[in-house]
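Residue numbers (my numbering), protein chains in the order written: chain A, 2 to 580; chain B, 2 to 580.
Hints were generated in silico from the structure; no laboratory data involved. Errors might be hidden in some of the hints.
Since the list gives no way to pick one copy over another, a pair counts as held whenever it fits inside one copy or between any two copies.
Claimed, not checked - Okay, derived cross-link-like pairs now, DSSO-like style, lysine-lysine, Cα gap no bigger than 27 Å in a straight line:
1) Lys177 - Lys501
2) Lys122 - Lys177
3) Lys528 - Lys32
4) Lys32 - Lys565
5) Lys178 - Lys86
6) Lys86 - Lys501
7) Lys32 - Lys562
8) Lys86 - Lys177
9) Lys222 - Lys14
10) Lys528 - Lys562
11) Lys122 - Lys178
12) Lys4 - Lys501
13) Lys475 - Lys438
14) Lys14 - Lys32
15) Lys494 - Lys475
16) Lys177 - Lys475
17) Lys4 - Lys14
Computed from a predicted model, the values in this text were never measured in an experiment.
Number of protein chains: 2
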Amino acid sequence: MHKFEVWAPRAQKVSVQVEGVFHPMQRAAEKNRLGWWEATVEDAGPGSDYGFSLDDGDVLPDPRSPAQPYGVNGLSRLVNHDEFKWTDGHWQARPLSSAIIYELHIGTFSPEGTFAGAMQKLDHLVSLGVTHLELMPVNEFAGDWGWGYDGVDLFAPQHSYGTPDDLKRLVDACHKKNLAVLLDVVYNHLGPAGNYLNDFGPYFTDAYHTPWGSAVNLDDKGSYEARRFFADNALMWLRDYHFDGLRLDAVHAFEDHSAEHFLEQLASEVEALEAQLGRHFVLIAESDLNDPRVIKSRDAGGFGIDAQWSDDLHHALHSVLTGEQEGYYEDFGTLEQLATALQDAYVYKGDYSEHRQRRHGRRPAVEISGHRFLAYSQNHDQVGNRATGERLAHLVDTGRQKIAAAIVLTSPFIPMLFQGEEFSASSPFQYFTNHNKELGANISEGRRKEFAAFGWKPEDVPDPQDSETFCRSKLNWNEVSQGAHAEMLAWYKRLIELRKRTGALTDGHLDEVEANYSDESSWLVMKRRRVEVVCNLGEPCQEIPVQTSAREVICSAENWKLDKESMQLPADAVAILVE
Amino acid sequence: MHKFEVWAPRAQKVSVQVEGVFHPMQRAAEKNRLGWWEATVEDAGPGSDYGFSLDDGDVLPDPRSPAQPYGVNGLSRLVNHDEFKWTDGHWQARPLSSAIIYELHIGTFSPEGTFAGAMQKLDHLVSLGVTHLELMPVNEFAGDWGWGYDGVDLFAPQHSYGTPDDLKRLVDACHKKNLAVLLDVVYNHLGPAGNYLNDFGPYFTDAYHTPWGSAVNLDDKGSYEARRFFADNALMWLRDYHFDGLRLDAVHAFEDHSAEHFLEQLASEVEALEAQLGRHFVLIAESDLNDPRVIKSRDAGGFGIDAQWSDDLHHALHSVLTGEQEGYYEDFGTLEQLATALQDAYVYKGDYSEHRQRRHGRRPAVEISGHRFLAYSQNHDQVGNRATGERLAHLVDTGRQKIAAAIVLTSPFIPMLFQGEEFSASSPFQYFTNHNKELGANISEGRRKEFAAFGWKPEDVPDPQDSETFCRSKLNWNEVSQGAHAEMLAWYKRLIELRKRTGALTDGHLDEVEANYSDESSWLVMKRRRVEVVCNLGEPCQEIPVQTSAREVICSAENWKLDKESMQLPADAVAILVE
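Same shape as in the complex, but just chain A:
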C-alpha cells in the first residue's frame, strides 16, 4: 500500500498509473495543501513503477520521483528510504573548518563510472588525507553520462551511476572510512531534456530570465510550493542519504525578492534538521556575488550559509601562474591581486571590473574568517569550461603546480582539490553530454560557436556528444604510482599532513602577505603565525626576506638556502618554513 501525492494546482483531473493500472486521485482536504492530489493504492510499494497523468494526458514521471530506472522520460519507481541498513551508527562529520575537500565526478572518477566504482577508490582518498568528498550532482539527468548540472529529477540518483541503495552504500562506506560526503545540488535551473515540472505547476517564472531560460520560481505566484520542492530536496539528501552537507550551485542565479531569501530559509531548515536528527550539516554556496551577506550568520543579517567558493582566489592564482588574460582572467593577473585574495578572499570589493564593466562586490564590515571560504587551484568548472578541458598540469610545469598546491593547502581557507589534481592526472576534464540526436546537435554546435569567439577552430573543440570525449575525461589510475604523477602525489600528501598537524595553518587567519613584483623579481611571502610560505615566481637566486626561525623547511625544490633574514629559492619553487 502506498499513498501517492503530487502537486498539480492547474489540473482538473489527476490519476496515478501504477504497474499499468490507472487510479484516480483526489484533491487533498487540508486547507494548507491547496493544489495537492492524493490516492492510496493497495497494490503499490517499494519497487512499483508509476507515473501521473494530468487531465488525461500522457503519463509523466513524478516531479519528486525517488528513482528513474528508465531515464528521465520513463516511469518513476517507488523507494522506501527506511529500508536501507545503515552501518554508520553514531557518525558525525568533523567541523568544516578542519576539512580538506575532494571534488569528484562519479562518471569519470572510477573506470566503472558508478557509485560502486567510486567505493573501490576510497582508500586512495584516505591515504591522501582528504576529509570530505564533494560529489558533483548525482541526480537524474538526460542520457547515460554528463556532468550532472542539467539534471531534472532532483530526488532520484542518476540511473547509470547505480540505484538509490548503491548511492547509500557509497555514503555509508565513506563514513566507515571517516570521510564526510557533500553533494552538489542545482536549484537555479533544470536541464533542457526530461523536465516535466512545468506540466505540473509553476515551478518556473517568466518574471526573470537566466542563462538557462525561465528562472526557478522563488517569489512569484505559487512560489511557496516551488520553494518547498527545492528545500525538501535538500533535506531529503541529508536525511535519507546521510549526506553531511550540500554545495549549492550558482546561487547568484537565484532570483528572489522575498523577505526571507531562499538561502536563508534553507539555512534555517537545515539547522532545524540538524537539531532533529542530531547530526552536523553544512551548506556551501557557489556565489559569484562577492557579497558577504551570503556567508554572514543569520543573526548578522546574513543568509547563514557556512562557506562559499572563492573564485577570485582561483582566478588570481591561475592568471599569475599561467599568464592567461582571456575572458574573466582579464580582471586578474597581478601578484598583488593574489596577495589580496589570500588576505581577503574577495579581490573585487566594490572595485571596478573591466570584464563586468561595473563595480563588483562589497567590502565586509567585519573581518570574515577564512573558514567561510573554499580555496582551490582547479575545479570542474575551471578545468572543464576550457575548450579542451585542460588541467593546470597541462598548462604549467611541475614547479608551478607545486606552488598552486602549496598556496591552496597553506591558505587560511578550506582547501579543495579536483579529482586527479593530486597526481597531475593526464586526463583532461572535458564537457560531455549524452543527449538525444536533435538536442545533442544543438549542444555540439553551441559549444563550437562559444569557442569560435575565442579563436578556436571548430575541429579543435571536442564534441560534447562524442562518447570519446566522456571516456577521455576518466582518470587513469595507473598513473598514481608512476614517475612525475607519483612525485606530485607525494607532494600533496606532504602538504596535507603538514596542514593537519599545524594549528597556524587551520586557524582561519592570515597575518600578512607580501608580494614583490618588478623586472628583476617576482615573489610572494604569506605569513601565518609560526609559518611562512615563500614562493619564487621569478628568476632564481633572489634574496627573499623572511622572518621565521624555521625548525622545519618543506620545499618543492632541492637547491634552497635559508639565511637568518632571507631565503634563496630556485625559480618556480615554494618553501614552507615552520617555526
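With chain A's structure known, arrange chain B on it following the hints.
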C-alpha cells in the same frame, strides 16, 4: 627529562624543586616571553613531584599544575597527556541544538563519589536518553569534598575524584556510549584556600571588586598572561581530556574593558582548536546579564558563545509552580512571565526589576533561536542555594513536577536536567565544604547569617562543614526502581523519547504561548507547529482551547478529555498533543 616553565614576572630568582632537589631556573630568552622562567631537569618526567620557590621562599604548587595528589597545598605532579590510550577514535559530539544535557556532581552522583564511580552509572543515563553530560567543576579545590566552584588549581583534576587518567577514562567511556561531555569551568574567581596565584604574578586586579574579592585580571597590567592562563586552561580540557565543550561559570562577573572581550577571545581560540583538531566544541555561558551580545555570533558583533543558561525561565517556572516570592523570585510569579520566558527566553528585556532596583536586560534586535538557551527547572544553584537544598520534588506534588519536566523538555530551548531530578530523588543537594577548621568555621557562620536574613533559625540550616551534609546530598540509586520515583523516571523517558522523534520540538522556534489567569482558571498552552502543550495549573475541568487535531496525546494524568476545539484536564496536569 622535563622542561619546567613558570610565569613569575616579579620574582628576582626562581627555582624548581623536583623530588626534593632544587634546580635554578633562567629567564626565558624570547622577547614575547617576558616574565617566564625555565629549567630543563634531567631527572624529571611523568610522575615526578615538584614545586616552585620564588626568591627563596616556600615551595609552592605550580599555577598550571596538572595534578595535586596531596591537595591544594601540596606538591604538583607531572603528567604526560600524550600517554593516555584513548579509544574514542573518530568521536564527534552531536550538535548542541539536538542535545539533552544532564548536570552532575562527581562527588554525589555515585556512591563512590569518584570519576570511576560515575562510570558505573552511565547506562542509566543512556537509557534515560540524555545526550550530553555536564560535569560540575572537577578541578582541584581545598578539601576532599565540595561543590567545586572554589577550585584553585585549574589544570588539575580534584585528587579525591581520581587521577587525571581516571577522568580521561570517564570521558572515553562516555564517548563509547555516545554521550558527549561538557565541563563546568570557573574563570571569574578562585577559591579562598590554596590559591597561590598572587605569589606568582598579577592574575588578579584590585581595579574591580567582585563578590569573591579582587577580580580576575582581564584588562589590567599583566593581563595578557592572565588571560592566556584561563584561555589555555579551556583549550587544555578540550584537547587533553577530550571534553566536548565548556560551561563558563558566571560570566557576568568578568570585568573586562578590553577591545576584545575575554569571551570573544575564548570563542575565537576554541574555533581555531576545533579546526586544528577536527572536533566540534561548544561554549555555554552562565550569564545573568540578559544581554544578547553574549550569544550573538562574532560577525554580528557578539561574543560568539554558543548558548547561555536561561535563569529567567527557571525563575518564572519555579515561582509559578511553588508560589515562592522571596529573594529574586519577587521579580517573577505570573503565568504571563512564564509565557514570555518560553517565547523570548529573557523575561527582563530592559524592563524595571524590583529586585535589582534598576532596568535589566535588553531586547535582542533580531529573533534569537531557542538553540542559544538552556532550559531547566532545577540545577545545582537553584537547588543547592536554598537553605536546605530542596529539589522541586520536595516543594511541589508529582503533578507539578511533571508539568515542570514537560515544559522543559518541550521548550524551544536545550533542555538540561539536574542529577536525580529524573527520578524525583529524595536526597537534597545541600551546600557542603571541607575546609580547614578556621576557614570552615567562617563559612559555617556565613551560611547561618545569610539565611538568618530570610528568617531561618541557625539550627535549621545544615552546616556546610558537617560531612553528613555532603553524604546526605548523595543520590540514592535504590530509588530508581521504586514507586513514585520509578513513575517519574518513566515520565522523563517518555518526554525525552518524544522530543527526540519530533522535529517540531527541536527546531528552536515557538509559534505562540497563551497564558490564561483569572480567579477561576490558570492554564497555559504552548504551540509549536504540530504540537500543543497544555498545562492546567488551576481547577479541574476547565475548558482549555486547543487547535491541534491530535493523533497522539501524552498526558501526565489519566482523566483527560479532548474535544474538537478544547481540552479538559485535571488540576496540575499537562498534556502534549501531537498532530
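A quick look at each hint next to the structure:
1. Lys177 - Lys501: Both. Shortest intra-copy (20 Å) and inter-copy (24 Å) distances satisfy the 27 Å Cα cut-off.
2. Lys122 - Lys177: Within one copy only: 14 Å inside, 29 Å across.
3. Lys528 - Lys32: between (60 Å within a copy, 19 Å between copies)
4. Lys32 - Lys565: Result: close only across copies, 17 Å inter versus 76 Å intra.
5. Lys178 - Lys86: both (17 Å within a copy, 21 Å between copies)
6. Lys86 - Lys501: Between copies, since 20 Å is at most 27 Å while 33 Å is not.
7. Lys32 - Lys562: between (76 Å within a copy, 26 Å between copies)
8. Lys86 - Lys177: Both. Shortest intra-copy (13 Å) and inter-copy (21 Å) distances satisfy the 27 Å Cα cut-off.
9. Lys222 - Lys14: Intra 21 Å, inter 79 Å, cutoff 27 Å: intra-copy only.
10. Lys528 - Lys562: within (19 Å within a copy, 70 Å between copies)
11. Lys122 - Lys178: within (12 Å within a copy, 31 Å between copies)
12. Lys4 - Lys501: between (49 Å within a copy, 26 Å between copies)
13. Lys475 - Lys438: Within one copy only: 23 Å inside, 79 Å across.
14. Lys14 - Lys32: within (19 Å within a copy, 82 Å between copies)
15. Lys494 - Lys475: within (22 Å within a copy, 53 Å between copies)
16. Lys177 - Lys475: within (26 Å within a copy, 41 Å between copies)
17. Lys4 - Lys14: within (17 Å within a copy, 82 Å between copies)
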